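Visitor: These are the residues of each chain, in order.
Number of protein chains: 2
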Amino acid sequence: MAVVLPFETNEPSLDALLRLVKPDMDRVNATILARTGSDVAMIPEVANHLISGGGKRLRPMLTLACAALSDYRGEGHVKLAAAVEFMHTATLLHDDVVDESDMRRGKLAARKLWGNEASVLVGDFLLGQAFKMMVEVGSLTCLDILSTAACVIAEGEVMQLSAAKNTETSEDDYLAVIRGKTAELFAAACEVGAVLGQRPKVEQGACRSYGMNLGIAFQLVDDALDYGGSQAKLGKNVGDDFREGKITLPVVLAFRRGDAEERAFWKRCLEGGASDDAALSHAVGLLTKHRALSDTIERARHYGAIAKDALALFPAGGAKDALSEAVDFCISRAH
Amino acid sequence: MAVVLPFETNEPSLDALLRLVKPDMDRVNATILARTGSDVAMIPEVANHLISGGGKRLRPMLTLACAALSDYRGEGHVKLAAAVEFMHTATLLHDDVVDESDMRRGKLAARKLWGNEASVLVGDFLLGQAFKMMVEVGSLTCLDILSTAACVIAEGEVMQLSAAKNTETSEDDYLAVIRGKTAELFAAACEVGAVLGQRPKVEQGACRSYGMNLGIAFQLVDDALDYGGSQAKLGKNVGDDFREGKITLPVVLAFRRGDAEERAFWKRCLEGGASDDAALSHAVGLLTKHRALSDTIERARHYGAIAKDALALFPAGGAKDALSEAVDFCISRAH
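Quick note, the sequences are listed as chains D and W, same order. Using the working numbering, you'd call the opening residue of the first sequence number 76 and step up by one each time. Using the working numbering, you'd call the opening residue of the second sequence number 76 and step up by one each time.
One thing to keep in mind: the hints can contain errors.
Identical copies look the same in the list; a pair holds intra-copy or inter-copy alike.
[What the hints assert, rightly or not] Here are the simulated DMTMM-like pairs of lysine to aspartate or glutamate, each with C-alpha atoms no more than 20 Å apart in a straight line:
| id | residue 1 | residue 2 |
| --- | --- | --- |
| 1 | LYS97 | ASP146 |
| 2 | LYS383 | ASP396 |
| 3 | LYS276 | ASP146 |
| 4 | LYS187 | GLU175 |
| 5 | LYS342 | ASP352 |
| 6 | LYS321 | GLU337 |
| 7 | LYS187 | ASP174 |
| 8 | LYS383 | GLU278 |
| 9 | LYS207 | ASP219 |
| 10 | LYS182 | ASP315 |
| 11 | LYS321 | ASP351 |
| 12 | LYS395 | GLU278 |
| 13 | LYS383 | ASP90 |
Calculated directly from the structure, the hints in this document are not laboratory data. Keep in mind it's a predicted model, so treat the numbers as computed, not measured.
Please build the complete structure, drawing on both the sequences and the hints.
Guide: Written out as structure tokens, the structure is:
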């Protein structure tokens with residue numbers, strides 16, 4: 076009888092990261108719950124709809140893991156991790172208004188239940204709470220990193236808005252968008268962990284670089300999944316990006332590799348908004364024909380490799396291994 | 076021939092305040108212009124549409140004047156004043172999305188020109204820039220005051236949302252709303268001026284109280300003007316609050332003082348949204364009958380008096396006089 080080697084079947088997972096940060100993460104979750112409290116009942120209602128709606132809480136875990144990697148012994152990482160998650164949640168709430176999304180994390184989007192107004196305002200409240208927590212931690216360097224991130228995220232989102240429905244968007248343009256709207260918060264989340272640990276500049280930079288490149292990889296995989304993942308896996312509808320006329324890397328590649336007729340199709344669908352289910356299925360056909368989805372994953376793998384190499388200067392250990400496997404996990408989501 | 080005494084004709088104005096802060100305000104305006112800059116062209120476009128659209132820039136002037144009142148000699152007040160104005164501008168942009176406003180500061184609202192998305196995201200960008208400037212100033216106490224204000228403002232706005240279209244709203248409920256959505260930023264703007272000047276706690280508290288009560292008075296006058304001012308004076312349409320079903324103090328008073336038939340009218344208009352020009356003109360009739368507008372101004376006068384008394388413990392001088400006259404000016408707008 077043949078022995079099945081675990082070699083190929085051992086899927087990368089977040090388990091090591093989850094184990095590493097478990098005690099701290101329990102405190103982060105308690106902090107998140109406590110800090111969405113308000114006498115104004117609608118605030119915890121809306122915030123908890125989204126926050127309890129799951130999501131992996133990857134970003135706060137990164138702050139905790141980078142603090143561990145940096146041998147930080149204080150208490151500030153818990154509040155900073157919660158602040159990072161609040162910044163992310165605020166972005167999601169505001170994004171739903173911008174995208175007019177119906178679903179988020181597998182639930183009805185908050186704006187569908189409470190209206191655009193509530194999504195905008197509760198997002199603002201969470202952003203305010205995030206800054207309050209950072210102030211309580213008291214590190215001006217961390218405040219600088221995270222307030223800069225808030226600006227860069229908004230810039231990235233506005234850039235995406237300007238690029239929306241523009242099929243001429245280049246791969247470089249697109250990278251600038253996702254560096255801002257997604258990767259910057261990953262980078263800041265990681266960097267503040269190292270700053271708290273008072274690591275040398277080069278190590279703070281390494282954590283930042285790890286986060287930035289992981290963030291890019293994460294977003295690219297997300298973009299590919301939007302055309303290929305199941306609804307359950309995504310927590311949103313397959314084809315949302317297509318229907319919203321969002322230009323993502325798979326489309327950038329397929330558009331450039333396509334012939335005149337194909338480009339006309341992309342323009343019609345993405346710029347004109349003529350995108351029903353038949354169009355979506357034709358789009359997936361073109362993406363497959365031009366290997367646009369698999370090459371998007373290839374690109375993600377490239378950034379993932381940079382992220383892992385950024386960690387090289389840290390000594391071997393549990394934190395380093397967990398962060399490294401998190402990269403593989405993010406990319407393996409594509410399969 | 077009788078001599079006309081200037082006594083009664085000397086209308087209170089902002090002139091003394093404007094003169095007091097002029098050199099600093101020029102630097103605040105330059106900072107505002109510089110800090111809306113971004114490679115993403117849509118950001119300065121949207122931001123400057125609103126910022127160059129006028130507005131008195133009362134809030135940053137308050138920060139500068141309270142810094143002057145506190146004999147502050149440093150540089151931080153310029154960036155904090157700009158940060159306060161950015162927080163205010165961000166709120167206006169987000170409010171327009173919430174209220175679905177068509178006009179703002181006498182111009183088309185940004186959301187009508189660039190869409191809700193741009194208003195949400197450029198607001199987020201300005202909020203980020205505001206925090207960056209606060210971090211650059213480096214006072215954790217000021218950061219605490221202003222980040223707390225950001226939360227309280229959002230809470231006030233959400234409270235207003237929950238109270239919207241509810242004619243049962245009490246005067247106390249309503250005061251809680253405007254303390255949050257308007258007066259808190261006035262209070263924070265004033266308090267940080269005194270904090271920078273490293274004044275004793277009691278004087279910091281006095282500046283905060285001045286701002287809080289001025290802010291309440293300011294909002295009450297605004298609410299009255301919405302039913303009585305000219306469009307040019309308001310920079311928005313007369314009757315906007317009525318058409319949006321916003322419950323303000325004039326309505327709270329008239330509803331409670333009215334008979335069953337009148338209450339049914341208010342409910343129909345504000346809760347049901349049946350509010351055309353004829354309804355607006357009937358509403359103004361009821362407000363006049365019940366002295367609801369003049370009593371709203373009376374209430375404003377009360378808070379204005381508290382604001383002026385809060386300044387009593389400061390020595391006489393240009394800054395104190397200018398701040399005191401600013402209160403009279405805000406209330407005289409109602410005439």
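Visitor: A separate judgement is required for each hint: does it hold in the structure or not?
Guide: Status of the hints after comparison with the structure:
1. Taking the closest pair of Cα atoms, LYS97 and ASP146 come within 20 Å of each other only inside a single copy of the chain (16 Å); across copies the shortest separation is 51 Å, beyond that limit.
2. Taking the shortest Cα distances, LYS383 and ASP396 sit within 20 Å of each other inside one copy (10 Å), while across copies they are farther apart (63 Å).
3. In this assembly of identical chains, LYS276 and ASP146 lie within 20 Å of each other by CA distance solely inside one copy; the values are 15 Å within and 39 Å between copies.
4. Proximity of LYS187 to GLU175 under the C-alpha cut-off of 20 Å is found in both arrangements, the shortest distances being 9 Å within a copy and 16 Å between copies.
5. For the identical chains of this complex, LYS342 and ASP352 are intra-copy neighbours only, at 16 Å inside a copy versus 45 Å across copies, given an alpha-carbon limit of 20 Å.
6. In the homo-oligomer, the alpha carbons of LYS321 and GLU337 lie at most 20 Å apart inside one protomer (17 Å), although the nearest pairing across protomers, at 51 Å, exceeds that limit.
7. When the C-alpha separation of LYS187 and ASP174 is checked against a cutoff of 20 Å, the pair qualifies both within a copy, at 12 Å, and between copies, at 17 Å.
8. In this homomeric assembly, LYS383 and GLU278 come within 20 Å of each other (Cα to Cα) only inside a single copy, at 14 Å, whereas the closest approach across copies is 54 Å.
9. Taking the closest pair of Cα atoms, LYS207 and ASP219 come within 20 Å of each other both inside a single copy (13 Å) and across two copies (6 Å).
10. In this homomeric assembly, LYS182 and ASP315 come within 20 Å of each other (Cα to Cα) only inside a single copy, at 14 Å, whereas the closest approach across copies is 35 Å.
11. Only within a single protomer do LYS321 and ASP351 lie at most 20 Å apart by alpha-carbon distance; the minimum there is 15 Å, versus 40 Å between protomers.
12. Only within a single protomer do LYS395 and GLU278 lie at most 20 Å apart by alpha-carbon distance; the minimum there is 13 Å, versus 51 Å between protomers.
13. In this assembly of identical chains, the alpha carbons of LYS383 and ASP90 lie at most 20 Å apart only when taken from the same copy (17 Å versus 61 Å across copies).
This entry satisfies every hint, going by the numbered hints stated previously.
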